[in-house]
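Asks: Single-letter residue listing:
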Amino acid sequence: MTAQRPALDRRAFLRLTAASGAAVVLSTAVGIPAARATTGGLRVYVVVTDGMRPEEISPLLTPRLHRLKTEGTWFPSARSLPVMETIPNHVMMMTGVRPDRSGVPANSVYDRAERVVRDLDRPTDLRFPTVLERLRAAGRTTGTVLSKDYLYGIFGERADHRWEPFPLLPVTDHAPDAATMDAMLAMVDRFDPDFVFTNLGDVDRVGHSDLSGTTLRLARTAALASTDLQIGRLVDHLRATGRWERTALVVLADHSMDWSLPTNLVSVSTVLRARPDLRGSIQIAQNGGADLLYWTGPAASRQAGLAEVRRLVAAHPGVASVHQPRELRLGPEAGDLVAYCRAGWRFTDPTPLSNPIPGNHGHPVTEPIPFLVAGGHPQLPRGAVSNLAVRTIDVAPAVGAAFGLGAPRGGYDSSVSADSLRWLIPRR
Amino acid sequence: MTTPLPAVSRRRVLQAGGALTGAAVLGLAAADPAAGTPVRPAFAHGVASGDPLPTAVLLWTRVTPTPSATPGSGAGPVVPVDWEVATDDRFRQVVRRGTVRTGPDRDHTVKVDATGLTPGRTYWYRFRCQGVLSPAGRTRTAPADDAAVPRLRMAVVSCANLQAGWFGAYRSLAARTDLDLVLHLGDYLYEYAPGEYQARDVVVRPHDPPREMVTLADYRRRHAQYKADPDLQALHAVAPWVVTWDDHESANDAWSGGAENHTPGGEGEWTSRRAAAQRAYAEWMPVRYEAGGRLYRRFRCGRLASLSMLDLRTYRSEQVSSPVDPALGDPGRTITGAEQMDFLLEGLADPAVQWKLVGNPVMVAPVQFPSTLDARALQGLEALLGVDLPDQVGGLPYNVDQWDGYPAERAGVLGHLRDRGIRDTVFLTGDIHSGWAAELPSDPLTYPVTGDSLGVELVCTSVTSDNLDDIVGSPPRTTSRAVETVIKGANPHVKYLDFDSHGYSVLEVTPAHVQMDWFVLLDRTNRSSGAVWSTSWRVAAGSSRVIPAARRLS
Numbered sequence: 001m002t003a004q005r006p007a008l009d010r011r012a013f014l015r016l017t018a019a020s021g022a023a024v025v026l027s028t029a030v031g032i033p034a035a036r037a038t039t040g041g042l043r044v045y046v047v048v049t050d051g052m053r054p055e056e057i058s059p060l061l062t063p064r065l066h067r068l069k070t071e072g073t074w075f076p077s078a079r080s081l082p083v084m085e086t087i088p089n090h091v092m093m094m095t096g097v098r099p100d101r102s103g104v105p106a107n108s109v110y111d112r113a114e115r116v117v118r119d120l121d122r123p124t125d126l127r128f129p130t131v132l133e134r135l136r137a138a139g140r141t142t143g144t145v146l147s148k149d150y151l152y153g154i155f156g157e158r159a160d161h162r163w164e165p166f167p168l169l170p171v172t173d174h175a176p177d178a179a180t181m182d183a184m185l186a187m188v189d190r191f192d193p194d195f196v197f198t199n200l201g202d203v204d205r206v207g208h209s210d211l212s213g214t215t216l217r218l219a220r221t222a223a224l225a226s227t228d229l230q231i232g233r234l235v236d237h238l239r240a241t242g243r244w245e246r247t248a249l250v251v252l253a254d255h256s257m258d259w260s261l262p263t264n265l266v267s268v269s270t271v272l273r274a275r276p277d278l279r280g281s282i283q284i285a286q287n288g289g290a291d292l293l294y295w296t297g298p299a300a301s302r303q304a305g306l307a308e309v310r311r312l313v314a315a316h317p318g319v320a321s322v323h324q325p326r327e328l329r330l331g332p333e334a335g336d337l338v339a340y341c342r343a344g345w346r347f348t349d350p351t352p353l354s355n356p357i358p359g360n361h362g363h364p365v366t367e368p369i370p371f372l373v374a375g376g377h378p379q380l381p382r383g384a385v386s387n388l389a390v391r392t393i394d395v396a397p398a399v400g401a402a403f404g405l406g407a408p409r410g411g412y413d414s415s416v417s418a419d420s421l422r423w424l425i426p427r428r
Numbered sequence: 001m002t003t004p005l006p007a008v009s010r011r012r013v014l015q016a017g018g019a020l021t022g023a024a025v026l027g028l029a030a031a032d033p034a035a036g037t038p039v040r041p042a043f044a045h046g047v048a049s050g051d052p053l054p055t056a057v058l059l060w061t062r063v064t065p066t067p068s069a070t071p072g073s074g075a076g077p078v079v080p081v082d083w084e085v086a087t088d089d090r091f092r093q094v095v096r097r098g099t100v101r102t103g104p105d106r107d108h109t110v111k112v113d114a115t116g117l118t119p120g121r122t123y124w125y126r127f128r129c130q131g132v133l134s135p136a137g138r139t140r141t142a143p144a145d146d147a148a149v150p151r152l153r154m155a156v157v158s159c160a161n162l163q164a165g166w167f168g169a170y171r172s173l174a175a176r177t178d179l180d181l182v183l184h185l186g187d188y189l190y191e192y193a194p195g196e197y198q199a200r201d202v203v204v205r206p207h208d209p210p211r212e213m214v215t216l217a218d219y220r221r222r223h224a225q226y227k228a229d230p231d232l233q234a235l236h237a238v239a240p241w242v243v244t245w246d247d248h249e250s251a252n253d254a255w256s257g258g259a260e261n262h263t264p265g266g267e268g269e270w271t272s273r274r275a276a277a278q279r280a281y282a283e284w285m286p287v288r289y290e291a292g293g294r295l296y297r298r299f300r301c302g303r304l305a306s307l308s309m310l311d312l313r314t315y316r317s318e319q320v321s322s323p324v325d326p327a328l329g330d331p332g333r334t335i336t337g338a339e340q341m342d343f344l345l346e347g348l349a350d351p352a353v354q355w356k357l358v359g360n361p362v363m364v365a366p367v368q369f370p371s372t373l374d375a376r377a378l379q380g381l382e383a384l385l386g387v388d389l390p391d392q393v394g395g396l397p398y399n400v401d402q403w404d405g406y407p408a409e410r411a412g413v414l415g416h417l418r419d420r421g422i423r424d425t426v427f428l429t430g431d432i433h434s435g436w437a438a439e440l441p442s443d444p445l446t447y448p449v450t451g452d453s454l455g456v457e458l459v460c461t462s463v464t465s466d467n468l469d470d471i472v473g474s475p476p477r478t479t480s481r482a483v484e485t486v487i488k489g490a491n492p493h494v495k496y497l498d499f500d501s502h503g504y505s506v507l508e509v510t511p512a513h514v515q516m517d518w519f520v521l522l523d524r525t526n527r528s529s530g531a532v533w534s535t536s537w538r539v540a541a542g543s544s545r546v547i548p549a550a551r552r553l554s
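Heads up: the sequence lines are chains A and B, in that order. Numbering follows the numbering used here, with no gaps: position 244 of the first sequence is 244. Numbering follows the numbering used here, with no gaps: position 529 of the second sequence is 529.
Same shape as in the complex, but just chain A (with noise of 0.2 angstroms):
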């Protein structure tokens, strides 16, 4: 489960002080220069509302959201992409292609090579380029400022300019939105990348662990309260230092959440008790509302014994239904089957005590996220709402076009046509 750090060899390492007097250390990749002219020209600033809900976007709870998405375009129909997790849609928002392409298809997998089930949160285990390097390589700054130290720790070097999350919650192991956002604008302000992508975590985790998710989400609603104030920083520095109007700000999220009662719970495990032998070949990658099922056992009887433990996972009430890894375009890291669980359940394996929190994601009813672009590029549309059927894979397609960077080698995976991306950022 430990994750092995990225070496950093070749980084300059530089500690600035943010507005809010905390210290900020970034790191540069050698050869970048320190800082440079500030010069017009269009910059894309992604940022992953991690875990939010489209509908927990309102005038009350969340004005500055609120604002950005009547003031910008808005796009209702957007939704995250199998498996509904963080890493796996933060992969497809920077490469543009789905896990089968990547070899990322979910947070956590059983990796047959080490036996043991792991976090995809090396920077080998991504095996596509992303649109850090992409635009790295085409001549432009690029900068990572991810909340979340598996996202750290995947993403690498790629950018030109990174943040390590600091400091790390306890349990969590994310950094407190205000820390984040304290280093975004430090980044802003001393390397003015053209791009930059950000994760703001605390809506996630607060999400995860709110006790009172089915009903009240008090803790929740805080996090959402605070998630806001964070964004309206941002906007409110970017105006204030002259870069509003030749910014294109893409607020997304990830995947949704869902809260479940401690009583709706699926055990792969002990729905597989009665069958010693099945279970004893099945090894689980718990993923919250998906389960990732690796067949371990003799490859003789692997046909068969799949087609058992479909059945009798299929037929738990839990469970919303079982697939193959391709039906969901997940590559061979995501095993043998994937199970979603229903709305209002969730799953936990290896054992009953495995997931204890209330908040999970990761099947279908937390695909629907929030997705809007705004910013005050004279280019960008106002007060437009589409119908486009965007997803997370899109953002890396619409702001490699922004730069006038070509598709990667095979193209993008997008779900949408070339030409309904090319507006959705302006051209620089």
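No wet-lab data here; the hints were simulated from the structure. Cβ coordinates follow ideal geometry from the N, Cα and C atoms, glycine included. Careful: at least some of the hints might be erroneous.
Between beta-carbon pairs, the in silico distance windows are [unchecked claim]:
1) A:Q379 <-> B:I547: 28 to 34 angstroms
2) A:Q324 <-> B:A338: 35 to 41 angstroms
3) A:E245 <-> B:D146: 31 to 37 angstroms
4) A:R409 <-> B:A349: 52 to 58 angstroms
5) B:I547 <-> A:I357: 28 to 34 angstroms
6) B:T446 <-> A:T70: 25 to 31 angstroms
7) A:L229 <-> B:G293: 34 to 40 angstroms
Here the structure of chain A is known, so what remains is to put chain B in place on it, guided by the hints.
Replies: Chain B only, in chain A's frame:
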């Protein structure tokens, strides 16, 4: 059957041009053979179009080739009827034409599927029989499936009892120029004899034939009587209709094996009666349906919306006897039938369209009637719903003829929406002679706190059929207000309820919202009564919530 053709004559153009001015222009009347003038056909029942697809639309008329060929008579010759479709109202640019034959075997009705048309385009059409031109009608094809459609606007109507009043609702709608479609959710006509069901105690217009319709000839004559109404003809002539039936197209509270208003033996076998009703419906309605076929079907409006039209009478299990009947929860009972349920669920899950509209004849939102209603109000509700509500102490009753009577299947539909995170589902409903805007709670127990909703239901009121004030004999908007308040209190997901008004709705669909405007008739018993705007409710995209609209549609 379809060939290009040259421009039509000036005389026909003039005849056609008058058809869209509000009150429909009838075809030439048949001459009196006794007077020695030649017998000429007549188009006495107007023209209609329906079921628009991107490249096709269904055209309809009924020709009376000789005076004796009256509806339901089985008399009259087989005659050829020409049809043509043009891109202009003067028929200078005719793009499709053809000839079909009709005769007494189909009651001299004509149905043509005009194909090869351009998506998202307005057309004009008309018919000709033995030199006599029909009125012209205006229609419109659906946009291409992948088109980005900025707006869809449609009329939404149901429950038009001719005996209960005049069709001022249809006339008001026909005067509009902004309708892409007319959606009729059922009870297009009623089966009752004169005096059996009217406007309170007044038979405004007696039904023909003057008896409950039971035989094929009865159903044909009744359809013909409705189609002779000039307001109905006018609305058919201005836009394509998409229709489904509810129960009164056959008999009250119909189910797969019978109906409340059917007496086996005395009125024959139900299957025979239903077959007659369905055959007359297929003949007389502008619908891509033939008797014995499948009425449930789906339409697309580009990427903006789909419209799944349901048939909730043909396949349903018998209604339970009361809301406390233990059979209510039997998971084997169905309102849709298995195949139609698969069809519905598939349409709801379609990721290619934003708004999933459902043409839903009876209400899907759960409605519980609280025990604090007085006896008079309860009796009125019993009459309105056509069900017996049991003693209040025993529990909270509801209408078992709606989806409330089939809770297992409704749970399946709502669970489908919930588990798959499906957004932007709107049920469009008729049947209940009242206006409603309601949300569909994700979990009724936590809804009052979370407000989590899976979709929205918008219910249009009746064109004329009696509702609560009519039944209890109160002036409109008096005693019913208290009942509405109590019901909304007991059902917090019900946001709007009007138990008294008659009229119609107009629905607008855009990428940003769905909005329904309700219009109410001032006096359904007054032939020239107008309609006024009443209220507007809006569903923001992605929200699954319904809120008061800031203003009516412009």
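Asks: Each hint needs a verdict: does it hold in this structure or not?
Replies: Comparing the hints with the structure gives:
no.: 1; hint: A:Q379 <-> B:I547: 28 to 34 angstroms; result: holds (33 angstroms)
no.: 2; hint: A:Q324 <-> B:A338: 35 to 41 angstroms; result: violated (26 angstroms)
no.: 3; hint: A:E245 <-> B:D146: 31 to 37 angstroms; result: holds (35 angstroms)
no.: 4; hint: A:R409 <-> B:A349: 52 to 58 angstroms; result: violated (33 angstroms)
no.: 5; hint: B:I547 <-> A:I357: 28 to 34 angstroms; result: holds (33 angstroms)
no.: 6; hint: B:T446 <-> A:T70: 25 to 31 angstroms; result: holds (29 angstroms)
no.: 7; hint: A:L229 <-> B:G293: 34 to 40 angstroms; result: violated (60 angstroms)
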